[in-house]
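Colleague: Sequence:
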Amino acid sequence: MAATGPVLARRLEAFCFTLRSLPMQPPFDSFTPPPDSPTVDALLHAASALLPITPKRALDMAQEALALAGELGYRAGEAQAHLLCGQTLHRMAELQEAERHLVTATGLFTQLGDAARRAQALLSSGMVRRELGEPALAGQALTQALDLSEQIGDRVLKASVLNQQAALSQTSGNADLALEQLSGALAIRRELGDNLGAAQCLNNIGQVHLSRHELPSALQRLTEAYDLLKTVDDPSTSAHCLINIGYVYEEMGDHQLSYDYHARALELARAHGNHTLELYCLNNLAEAVSSMERHQEASELFTQALGIAERIGMRYLSGCAHHGLGRAATALNRPGDAVEHHQQALSIAAELGEAQGEVDALLGLGEAYLALDRQQEARTVLERALPLAIGGESHKQVARIRVLLARIAQATGDLSGALDHLWALRELEQHLFNDERERHTRQLTVQFDVERAHHEAAVSSMQTELAQQAYRAAELKVSEQTRRLAQTQVEVATRLANAAEYRDDVTGEHTLRVGHVSALLAQHLNFPAEEVALLRVAARLHDVGKIGISDLILQKPAALTKAEFETMKRHTLIGGQMLSGGASPLLQMAEQIALSHHEKWSGGGYPHGLSGEAIAPVARIVAVADVYDALLHPRPYKPAWELGAALEEIKQQRGQQFQPEIVDALLALHASGQLPLRTLLHDEGEVQDILVKKSSLPGEAAPSFLPGGPDGGTPPLAELEDKYQQARQSTHARSVTAFTDALTGLANRRAFEEELETGLLQAARHQHPLSVVSLDIDGLQAVNDLEGHERGDTLLRQLALALRTHLGPAGRVYRTGGDEFAVVVGHVGPAQQAGVLRGLERAIQAVQQQGFASTSVSAGIASFPEEAVLEGDLLRLADQRMYAQKAARGQHRAASAAHRRIN
10 MAATGPVLAR
20 RLEAFCFTLR
30 SLPMQPPFDS
40 FTPPPDSPTV
50 DALLHAASAL
60 LPITPKRALD
70 MAQEALALAG
80 ELGYRAGEAQ
90 AHLLCGQTLH
100 RMAELQEAER
110 HLVTATGLFT
120 QLGDAARRAQ
130 ALLSSGMVRR
140 ELGEPALAGQ
150 ALTQALDLSE
160 QIGDRVLKAS
170 VLNQQAALSQ
180 TSGNADLALE
190 QLSGALAIRR
200 ELGDNLGAAQ
210 CLNNIGQVHL
220 SRHELPSALQ
230 RLTEAYDLLK
240 TVDDPSTSAH
250 CLINIGYVYE
260 EMGDHQLSYD
270 YHARALELAR
280 AHGNHTLELY
290 CLNNLAEAVS
300 SMERHQEASE
310 LFTQALGIAE
320 RIGMRYLSGC
330 AHHGLGRAAT
340 ALNRPGDAVE
350 HHQQALSIAA
360 ELGEAQGEVD
370 ALLGLGEAYL
380 ALDRQQEART
390 VLERALPLAI
400 GGESHKQVAR
410 IRVLLARIAQ
420 ATGDLSGALD
430 HLWALRELEQ
440 HLFNDERERH
450 TRQLTVQFDV
460 ERAHHEAAVS
470 SMQTELAQQA
480 YRAAELKVSE
490 QTRRLAQTQV
500 EVATRLANAA
510 EYRDDVTGEH
520 TLRVGHVSAL
530 LAQHLNFPAE
540 EVALLRVAAR
550 LHDVGKIGIS
560 DLILQKPAAL
570 TKAEFETMKR
580 HTLIGGQMLS
590 GGASPLLQMA
600 EQIALSHHEK
610 WSGGGYPHGL
620 SGEAIAPVAR
630 IVAVADVYDA
640 LLHPRPYKPA
650 WELGAALEEI
660 KQQRGQQFQP
670 EIVDALLALH
680 ASGQLPLRTL
690 LHDEGEVQDI
700 LVKKSSLPGE
710 AAPSFLPGGP
720 DGGTPPLAEL
730 EDKYQQARQS
740 THARSVTAFT
750 DALTGLANRR
760 AFEEELETGL
770 LQAARHQHPL
780 SVVSLDIDGL
790 QAVNDLEGHE
800 RGDTLLRQLA
810 LALRTHLGPA
820 GRVYRTGGDE
830 FAVVVGHVGP
840 AQQAGVLRGL
850 ERAIQAVQQQ
860 GFASTSVSAG
870 IASFPEEAVL
880 EGDLLRLADQ
890 RMYAQKAARG
900 QHRAASAAHR
910 RIN
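All letters in the sequence shown, in the order written, are residues 10 to 912 by the numbering used here.
Keep in mind that the hints were calculated from the coordinates and are not lab data.
Do not take every clue at face value.
Below 30 Å or equal to it, Euclidean Cα-Cα: the simulated DSS-like pairs (lysine-lysine) are [to be verified]:
hint	residue 1	residue 2
1	K660	K578
2	K609	K578
3	K65	K239
With beta-carbon atoms standing in for the labels, derived distance ranges [claimed, not checked]:
hint	residue 1	residue 2	range
4	R435	Q305	33 to 41 Å
5	G202	K65	27 to 35 Å
6	R383	G316	43 to 51 Å
7	S611	A893	44 to 52 Å
8	E260	G345	26 to 34 Å
9	E200	D156	16 to 24 Å
Glycine included, each C-beta is placed from N, C-alpha and C at the ideal position.
Work the whole structure out from these sequences, hints included.
Modeller: Here it is, written out as structure tokens:
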């Protein structure tokens, strides 16, 4: 029976630590060093300085100092030399010899009463014991070191001990305790201004999150660590951090990016001469290529790792390498070799008491035996692995074991046994599903909370502004006298119109223009002058009911759902109700307009489905003016329609949506050039005069309206106009922000979706092609991680400028995501796509000339209507082509990297 899937990969944690040698000082005031002790001290100081740079040279000096101190009977120097020898051998991954020196150093420092150096020796011993797979002895040494650090008040040493205790807690499966210990160490490092130590703590915190599959938190902490490491020179810690970033991307499914980070870490480890770190990198690099099903390459890397591990006596890493070689052999259809390697891995895991290693090896053996059709042996090792996996809560491995045991039982006729395993598997899968769903829900909840906070902040700002305006309006109404009733009505109408604009964030001056055009239409249709003047202001309230519609609907960038559109339609009823019951002719007219301006001449409009003469005449006029302005004027998320196209659209709705005579009036006004806007103050003055006449009783004199205010000051309407203009400018600024990418200055995804919809509508109506280009920068994440986010931002700005320069004249460029851009190009079909792509090539070349020589961009282009008709299909096709190009480039990079390694 052939194996049906690989056993689970084994990750090698990359915890960091700080090696610190204490300055040479006499341990007791009464101690008198021998005459030649300065030579010993000088050798030790030199060895300490060379330790992080050239460990081999440091070891030679430490051994020379040890020999000289022994000859002189200089016990303090001898103890310090043993400590340095142990630390250096640890750095060189010679763990058994390192531990021998550290035990001797601990005993000597105890005899000398040197608590500080004794604590340092215990710390180093704890680290070595952990890597030797001796957790109990490691824990004892670290606990003693922590107690001593607190007794002598050495906070730097305490932070180092906490860091190593966290590594031990993580190895023992207590992630919560590890995070608590690391948080304590991080607080100390930050308080001391120790960037290297803080980076090491952040790296380790990220690794703990990684072990819990909390990938966003892990990547955030690891990125913080890598940013800090750019301020110090420590290749070893940088390599640790790169290892963990690589594993995050592997967990995210981006195996190529994972490979890139592990390869970079391997370069640093080899340059630094750290064999232990080199082993970590080789194993993880092999896992990355194995995930990409490059099993022969994985086998070669595991073989390299095994050779180094056996040479330096790293039994744990030898077991990891054997396990990897076994999995690679199974994948390469060499099950006999797989059995041999997994048996070696099992022997090492049992020797070290490493339960997880035993599970891995037994599961690998089971896979290999099944590939050899040795089902009884497979059943034996899998049944041995099952309780170990259950005890270690290795749920995914438990699931894999049960699947294999069920298949063996079925093949051997044990249907009852197969059913038992399948039922247990079903319960386990439900448990795994719930865990994964809960984890995913937590991540989405965090993202949602962030987005909601941003949204609530924006809504709160808008509501505060509206509340302040409403308060000022109410205060003004209370303070004014009866003789200014008419003027107040106009001001209230203006403010209501402004409020509607604030709710619909993209309208700008739309309501103002609708009022002007409506008045011109009414005048052309011979409405009485008084009604024309009233209509000029009342028309501005046509959408006042939008105050009662949720921002989530009003500001939604995509098309509304059926339910959302039904909610949106209610703004007519809300507006009518808001304006109902007024005795003023202005409010009565505004009520008719707000309620009926979406009714259609031929029927089928809303809210009441009226038709023809049943629709109020002023509402019929505003319906035409509203659509005319919406088509003709630009908004932040779409360009203006050409005048001819807008008029043609309205002509097509003559007798359908609009009354024919009103459409004819609009066309006549256009032909005669009579559509310029008049000033707001003049219009409102006319309305005031009319309202005064209508509000005066027979035989009474009309209240007087003087040019100034009650005290001859600034005219109230002039003040209102100033405030309106300020509010309009503020609203426009918010509109621009809503549709603009802050970093590049390009239009954003919201603008892209809105404009593409409009562009496709125009392209379909006028029967011309339209193309969409999807773009994605290759390797932006690597630039951010390796060179810093400021460098990544510079790349984004340079690309935006180049795209706008070389593609902007033909279309509009958008930034639609972190590393994603799009271009909408009108009048371009499949035959013209090559020209667009040539422009893209020129843009990329321009970016490369600005210091980004390795930059590349994956692109996909699709055209309407030849290749896709619907908006979603068009975008999907462009994205598919872009991702296909990106995948091809990734394979090319992988092949090139393999070629470089071979050569």
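Colleague: Take the hints in turn and mark each one as holding or not.
Modeller: To see whether the hints hold, each was checked on the structure:
no.	hint	verdict
1	K660 - K578	holds (24 Å)
2	K609 - K578	holds (14 Å)
3	K65 - K239	holds (26 Å)
4	R435 - Q305: 33 to 41 Å	holds (37 Å)
5	G202 - K65: 27 to 35 Å	holds (32 Å)
6	R383 - G316: 43 to 51 Å	violated (30 Å)
7	S611 - A893: 44 to 52 Å	holds (48 Å)
8	E260 - G345: 26 to 34 Å	holds (32 Å)
9	E200 - D156: 16 to 24 Å	holds (21 Å)
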